[in-house]
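Chain by chain, the residues:
There are 2 protein chains.
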Amino acid sequence: MTVAAIVPAAGRGERLGLGRPKALAVVGGLTLVARAVDGLVEGGVDVVVVVAPPGGEDEFRAALDHRRATVVPGADDRVGSVAAALGAVPRDAEVVLVHDAARCLCPPEVVRAVIDAVRAGHRAVVPATPVADTLKRTGPAGVVIATVDRTGLAAVQTPQGFDPATLRAAHEHARSGRDAGGPVTATDDAGLAEEIGVSVATVPGDPRAFKVTTPLDLAMAEALVAAATAGAS
Amino acid sequence: MTVAAIVPAAGRGERLGLGRPKALAVVGGLTLVARAVDGLVEGGVDVVVVVAPPGGEDEFRAALDHRRATVVPGADDRVGSVAAALGAVPRDAEVVLVHDAARCLCPPEVVRAVIDAVRAGHRAVVPATPVADTLKRTGPAGVVIATVDRTGLAAVQTPQGFDPATLRAAHEHARSGRDAGGPVTATDDAGLAEEIGVSVATVPGDPRAFKVTTPLDLAMAEALVAAATAGAS
Numbered sequence: 001m002t003v004a005a006i007v008p009a010a011g012r013g014e015r016l017g018l019g020r021p022k023a024l025a026v027v028g029g030l031t032l033v034a035r036a037v038d039g040l041v042e043g044g045v046d047v048v049v050v051v052a053p054p055g056g057e058d059e060f061r062a063a064l065d066h067r068r069a070t071v072v073p074g075a076d077d078r079v080g081s082v083a084a085a086l087g088a089v090p091r092d093a094e095v096v097l098v099h100d101a102a103r104c105l106c107p108p109e110v111v112r113a114v115i116d117a118v119r120a121g122h123r124a125v126v127p128a129t130p131v132a133d134t135l136k137r138t139g140p141a142g143v144v145i146a147t148v149d150r151t152g153l154a155a156v157q158t159p160q161g162f163d164p165a166t167l168r169a170a171h172e173h174a175r176s177g178r179d180a181g182g183p184v185t186a187t188d189d190a191g192l193a194e195e196i197g198v199s200v201a202t203v204p205g206d207p208r209a210f211k212v213t214t215p216l217d218l219a220m221a222e223a224l225v226a227a228a229t230a231g232a233s
Numbered sequence: 001m002t003v004a005a006i007v008p009a010a011g012r013g014e015r016l017g018l019g020r021p022k023a024l025a026v027v028g029g030l031t032l033v034a035r036a037v038d039g040l041v042e043g044g045v046d047v048v049v050v051v052a053p054p055g056g057e058d059e060f061r062a063a064l065d066h067r068r069a070t071v072v073p074g075a076d077d078r079v080g081s082v083a084a085a086l087g088a089v090p091r092d093a094e095v096v097l098v099h100d101a102a103r104c105l106c107p108p109e110v111v112r113a114v115i116d117a118v119r120a121g122h123r124a125v126v127p128a129t130p131v132a133d134t135l136k137r138t139g140p141a142g143v144v145i146a147t148v149d150r151t152g153l154a155a156v157q158t159p160q161g162f163d164p165a166t167l168r169a170a171h172e173h174a175r176s177g178r179d180a181g182g183p184v185t186a187t188d189d190a191g192l193a194e195e196i197g198v199s200v201a202t203v204p205g206d207p208r209a210f211k212v213t214t215p216l217d218l219a220m221a222e223a224l225v226a227a228a229t230a231g232a233s
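Chains L and U, in that order, give the protein sequences.
Heads up: the first sequence is residues 1 to 233, going by the numbering used here.
Heads up: the second sequence is residues 1 to 233, going by the numbering used here.
Do not rely on the hints blindly, as some may be mistaken.
Said to hold, decoys possible - Computed beta-carbon distance windows for the label pairs: (1) Ala-120(L) with Gly-121(U): 53 to 63 Å; (2) Pro-73(U) with Ala-120(L): 46 to 56 Å; (3) Glu-195(U) with Pro-130(L): 19 to 29 Å; (4) Leu-216(L) with Arg-150(U): 15 to 25 Å; (5) Arg-68(U) with Pro-204(L): 39 to 49 Å; (6) Asp-46(L) with Ile-196(U): 57 to 67 Å; (7) Ala-230(U) with Arg-68(L): 35 to 45 Å; (8) Ala-230(U) with Pro-130(L): 48 to 58 Å; (9) Arg-112(L) with Arg-67(U): 44 to 54 Å.
To be verified - Here are some of the chain L residues that sit facing chain U, going by a computed Cβ distance under 8 Å: (10) Thr-70; (11) Val-156; (12) Met-220.
Think of the hints as simulated: they come from the structure by calculation, not from any bench.
Note that CB positions come from ideal geometry on N, CA and C, so glycine has one too.
Turn these sequences into a full structure, and let the hints steer you where they fit.
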């Protein structure tokens, strides 16, 4: 009854301007990828496969220290990287999560809720939070075309959970489309599952599962870790 | 050539659980409403009209101390509160902003950009930032119906800027619709302007202009103020 998780972390993280992969940025003395793996394990994941930029595997292994994680080299794009990681997922895995290392403060309860929903029979599960801001669709020169109806609108986070056959099928479909020269339009794994007609369920997300993208996000993550540490002592 | 700003702050802020209006929550030793007024003034606003919960005017005046702000009592809903504030806006105002006190860390540069865009001839202007998260439309039981196309999608912030006649017309239209028993569906003032056919322009927003809604947001705001203070010293 193995639960596996894939952490595609081959991105360069240009927007953080650190000169190293984003997943190796440090928050409260720990890299994002190490924090992400800790959260997954605490939430019930047995095996984690981390995808490093090709050539960066040793640096990632050092960052992960003695954590329960396998590091594999990534590919040119995300779809290729997840394919590489799927090859390292145990055959007997009953649930596979895909998690973004940049959501390193995702609480273990969210991980647990995603796993439980897949175990309950959902083939694809995403954590989702209500959208707080008013959203507009803009056109040329940034002029507003319309206000977006917020009814039922949700921002999705990770980890996203799948039964392994569904995740494999969704990614095979995405790869064959890409190899035929078509665009890969989905911006998340659940989107790839939707494209092959899979119904995607939601569980409540958490604001702490926000994605670290900019230096300001990194400062916020640092502050949250400091507050949690102060609260725990 | 007066620039006025309205800060509707009559909301109770239940989600913060403080037992007082959200605008009176404190970050780094200053209330949200005082910080918001400071940011507006620093960005070029001459006159600020703050809308307090009825009966809470004195508390707001105390929080605003010697700031250049007039406090007026609010109404039952936001549309009524903005109407009350419009009565206190100087007749010679050339630009009117509407700002959310909960976006208390909005940088003065954003305020300035909104004012400049109205002065340049745009009748309605909003600060907007790209949407970072994947968005899904969900239906009954939280099942995903579709992934939302992110092309041109922007999250809008405040201050929103208007030529005074446009803001008055948009709110008169909203009030007459509401008084006729119709719903007020727009979630922001620019949306009300859109409803009367006004073209809304965008200027770049800023992540620091995020809206303080939850206790976590308050902790993040606190951390940002601490970081800015440390950086400035």
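Here is how each hint holds up against the structure:
Distance hint check: the CB atoms of Ala-120(L) and Gly-121(U) are about 57 Å apart, consistent with the given range 53 to 63 Å. For Pro-73(U) and Ala-120(L), the hinted distance range of 46 to 56 Å is satisfied, since their beta carbons lie about 51 Å from each other. Evaluation of the 19 to 29 Å hint for Glu-195(U) and Pro-130(L) yields a pass: the beta carbon distance comes to about 23 Å. One distance hint, 15 to 25 Å for the beta-carbon pair Leu-216(L) and Arg-150(U), holds here, with the actual separation near 21 Å.
Taking the beta carbon of each, Arg-68(U) and Pro-204(L) are about 43 Å apart, inside 39 to 49 Å as hinted. Checked against the hint of 57 to 67 Å, the pair Asp-46(L) and Ile-196(U) passes, with Cβ atoms roughly 58 Å apart. Look at Ala-230(U) against Arg-68(L): about 37 Å separates their beta carbons, and that is inside 35 to 45 Å. Distance hint for Ala-230(U) and Pro-130(L): a CB-CB separation of about 33 Å, inconsistent with the stated range 48 to 58 Å.
Between Arg-112(L) and Arg-67(U) the C-beta distance comes to about 47 Å, which sits within the given range of 44 to 54 Å. At about 27 Å, the closest approach between the beta carbon of Thr-70(L) and any beta carbon in chain U exceeds 8 Å, and the interface hint on this residue is violated. Look at Val-156(L): its Cβ gets to within about 5 Å of chain U, closer than 8 Å, so that hint holds up. The interface hint given for Met-220(L) holds, since its Cβ lies 5 Å from the closest Cβ of chain U, which is under the 8 Å cut-off.
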